[in-house]
Amino acid sequence: MGYMMVEEHSSTLLHLKRSPGIRSWSLLVDSFLWKLFYVTGCLFVAMQNMEEWEEAVFDKTKNLIELKTISLYTLVLTLWRKGQEKVVLDLTHLRDVCIQEEKVRYLGKGYLLMLRLATGFSYPLTQSATLGGRSDVEALAALLKRFLGLEELQRRMQQEEEAEYGEEEEEEDDSLDSSDSEDEADKL
27 MGYMMVEEHS STLLHLKRSP GIRSWSLLVD SFLWKLFYVT GCLFVAMQNM EEWEEAVFDK
87 TKNLIELKTI SLYTLVLTLW RKGQEKVVLD LTHLRDVCIQ EEKVRYLGKG YLLMLRLATG
147 FSYPLTQSAT LGGRSDVEAL AALLKRFLGL EELQRRMQQE EEAEYGEEEE EEDDSLDSSD
207 SEDEADKL
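In the working numbering, the protein residues as written are 27 to 214.
Treat the hints with caution; some may be incorrect.
Capping the alpha-carbon separation at 27 Å, the derived lysine-lysine pairs in BS3-like fashion look like this [claimed, not checked]:
1) K108 to K94
2) K112 to K88
3) K88 to K129
4) K94 to K43
5) K171 to K88
6) K135 to K94
7) K171 to K112
8) K171 to K135
9) K94 to K112
10) K94 to K171
11) K86 to K61
12) K171 to K86
Keep in mind that the hints were calculated from the coordinates and are not lab data.
From just these sequences and the hints, can you work out the full model?
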């Protein structure tokens, strides 16, 4: 019997039973698989657009700056083999910390804290701009400058440049004076 199956049949009892057919099971499985596919796709897109974990370590004893970035998206795609990037900078090359304003599409302005190095390179402290108020980024910049003594370093370098520039001017003035006296001697 295709419509209902006889489970039990006696002179006093007739028990009929119907189970979901193969078509019903396939709809359930298909529906479940499609839902699983949709949810997996949504999770994939969410992970792709998720911000990364970022860590910065300023070590005065080793004279190193370590900037680490951990991406959940890359970790999942590479099955936990990759996903962590590490940049190591020489702390003695750090000359300034400044704030850079950046336009963020559809969201307004964002702010990045930039590390300016003596080599001429600038490196962002974080890979993504901080949205909203500038005050948080300014507070962090002030903390870094105090911790690393950058304002004192800048003053010292400026004094050295002024002293060097002053010596060069004196040498130029002396050479000009000597050439003027030679010209006067030639005239006499």
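Verification of the supplied hints:
For the suggested pair K108 and K94, the alpha carbons sit about 13 Å apart, so the restraint of at most 27 Å is met. Distance check on the hinted pair: K112 and K88 sit about 16 Å apart at the alpha-carbon level, within 27 Å; holds. Distance check on the hinted pair: K88 and K129 sit about 36 Å apart at the alpha-carbon level, beyond 27 Å; violated. Restraint check: the Cα-Cα separation between K94 and K43 comes to about 63 Å, which exceeds 27 Å; the hinted pair is violated.
For the hint pairing K171 with K88, the CA-to-CA distance comes to about 18 Å; that is within 27 Å, so the pair holds. Note on K135 and K94: the hinted pairing holds, with a Cα-Cα distance of about 24 Å set against a maximum of 27 Å. The hinted pair formed by K171 and K112 meets the criterion: a straight-line CA distance of about 23 Å does not exceed 27 Å. Taking the CA atoms of K171 and K135, the gap is near 24 Å; set against the 27 Å cutoff, the hint holds.
Taking the CA atoms of K94 and K112, the gap is near 4 Å; set against the 27 Å cutoff, the hint holds. With a CA separation close to 20 Å, the supplied pair K94 and K171 stays within the 27 Å bound. With a CA separation close to 53 Å, the supplied pair K86 and K61 exceeds the 27 Å bound. Taking the CA atoms of K171 and K86, the gap is about 13 Å. The hint holds against a cut of 27 Å.
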